[in-house]
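Student: In full-length UniProt numbering, the protein residues as written are 1 to 364.
Keep in mind the hints are simulated off the structure, nothing from the lab. Since we're looking at a predicted model, the values are computed, not measured. Each hint should be verified, as a subset may be incorrect.
[Claimed, not checked] With a straight-line cut-off of 20 Å between C-alpha atoms, the simulated EDC-like cross-links for lysine to aspartate or glutamate are: (1) K210 <-> E238; (2) K273 <-> D146; (3) K216 <-> E82; (4) K97 <-> D54; (5) K257 <-> D146; (6) K108 <-> E82; (7) K108 <-> D227; (8) K108 <-> D63; (9) K97 <-> D146; (10) K284 <-> D227; (11) K216 <-> D250; (12) K275 <-> E238.
[Said to hold, decoys possible] Distance ranges between label pairs, derived from CB positions: (13) N232 <-> G262: 32 to 40 Å; (14) Y57 <-> P230: 23 to 31 Å; (15) K100 <-> T46: 20 to 28 Å; (16) D227 <-> N64: 24 to 32 Å; (17) L90 <-> L297: 19 to 27 Å; (18) S269 <-> N223: 43 to 51 Å; (19) D277 <-> N223: 21 to 29 Å.
Glycine is no exception: its CB is placed at the ideal position from the N, C-alpha and C atoms.
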Amino acid sequence: MQVAMRRPWGAGTGLRAALGAAAAELLGGAGGREGGGRGGASGVETLNASGVLDNTYIIYSSDNGYHVGTHRFGAGKVLPYEEDLRVPFLIRGPGIKASKSTKPTNTKVGLHVDFAPTILTLAGAGGQLGDKALDGTPLGLAASDDGTLRADYPRPQHHRNQFQAEFWGSWIDELLHHLPGYVNNTWKAVRVYDEERNGWKYIYSCTGSKEIYDLKKDPGELNNMYDTAPMNVRTRLEALLAVLAVCRGDTCTNPWKVLHPGGEVQSWSDAIKSKYDDVYARIKPFKFVACLGYQDLSNEMSEYRVVNPASISQVRHLASVDAVHIPVTLEAPVERFAVPVPKDVLDSDVARWYEVAEVKYHFA
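Generate coordinates for the entire structure from the input sequences, incorporating the hints supplied.
Tutor: This is the structure:
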């Protein structure tokens, strides 16, 4: 059975101390959001006083995350779960349909890489993008009926239904800085969304652990279904990750054109049909060669990109906080030009932070 590694916050006095820190973290976050709200209101008042509010688009967003206490982790934002992946997005301006409730008026999938093409298109410069092969696409904004949104703006049917998320390296619980970090937190995930099911998520870690969640039945991502998910769901998710992990340009928005060059499949509901089972059974899942603290393309294996494994020059072992040895590539091609760390730095007490065994330190 594939089980994701989930470490608890701690126990005893450590947990009691963390609870106090968690409360402070929550209060600090609430204060920050209140300050952001006041700043936004002040900006709107200034634009209105200047007479340009009705001709101005205002976009509110933020960085991703973050979790405080969910999934038995303290605080942070580098995990593949919804609390860490999601970002807020609010927009007002000419032609944008106003919301009459606190619920989103547009449930289409959007990413930060979509912001630039969205702004360019709103400004009338979308046609100048040409063949720049941007990974993003204009967001499917819900238009009002007054005709003020640009006539050439893509309507809501033009949107992505799946995306990839990824992270490389270790992480430290932001409530428990006095404890060593976890050295193996390199992962990739693919999220599929449809308005009927709310979608699926597949997570693949460099340690080999795999997770699948049905986000309609299990929005909290508590029941790992990798071993019990229907085979057609598993193979489609693994194929999507194989494409999205190495995508460029419009293939990041529409991976189906790579998986089905003939155009017979345009969506998840098309791909899930049994007549394509043999197609997906032949696709090799994406694979990490080893756990790395950074991205090295030669470490990421997908049949949709030609890779030379020989370019990975050296393999060492890192000791995790549980003293479990995981193969890790420590010297990629770029590091052949590294210089040794000065002896006084090597003599400093760094082992308590990294818990590294049999490794030569280098500056890249």
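Student: All the hints need checking, so say for each whether the structure fits it.
Tutor: Structure-based check of all given hints:
1. With a CA separation close to 10 Å, the supplied pair K210 and E238 stays within the 20 Å bound.
2. Simply put, K273 and D146 have alpha-carbon atoms about 40 Å apart, too far for the 20 Å limit, and the pair is violated.
3. A distance of roughly 13 Å separates the Cα atoms of K216 and E82; the hinted pair therefore holds under the 20 Å criterion.
4. Under the criterion of a C-alpha separation no larger than 20 Å, the hint pairing K97 with D54 is consistent with the structure, at around 13 Å.
5. At roughly 35 Å between alpha-carbon atoms, K257 and D146 are farther apart than 20 Å, so this suggested pair is violated.
6. The suggested pairing of K108 with E82 holds, with an alpha-carbon distance near 16 Å, which does not exceed 20 Å.
7. Proximity of K108 to D227 is assessed by CA-CA distance (about 29 Å); at most 20 Å being required, the pair is judged violated.
8. Between K108 and D63, the direct Cα distance comes to roughly 19 Å. Compliance with the 20 Å bound is thereby established for this hinted pair.
9. For the hint linking K97 to D146, the alpha-carbon distance of about 9 Å falls within 20 Å, and the restraint holds.
10. Between the alpha carbons of K284 and D227 the distance comes to roughly 18 Å, so the proposed pair stays at or under 20 Å and holds.
11. This hinted pair does not check out: K216 and D250 have alpha carbons roughly 28 Å apart, beyond 20 Å.
12. Under the criterion of a C-alpha separation no larger than 20 Å, the hint pairing K275 with E238 is consistent with the structure, at around 17 Å.
13. For N232 and G262, the Cβ-Cβ distance of about 19 Å falls outside the hinted range of 32 to 40 Å, so the restraint is violated.
14. Taking 23 to 31 Å as the suggested C-beta distance range, the pair Y57 and P230 does not conform, at roughly 43 Å.
15. For K100 paired with T46, a C-beta distance near 26 Å keeps the hint of 20 to 28 Å intact.
16. Here the CB-CB span from D227 to N64 is close to 29 Å, well matched to the stated 24 to 32 Å.
17. The given range of 19 to 27 Å is broken by L90 and L297, whose C-beta atoms sit roughly 36 Å from each other.
18. Separated by about 23 Å at the C-beta atoms, S269 and N223 break the suggested range of 43 to 51 Å.
19. The supplied range of 21 to 29 Å is met by D277 and N223, whose beta-carbon atoms lie about 25 Å from each other.
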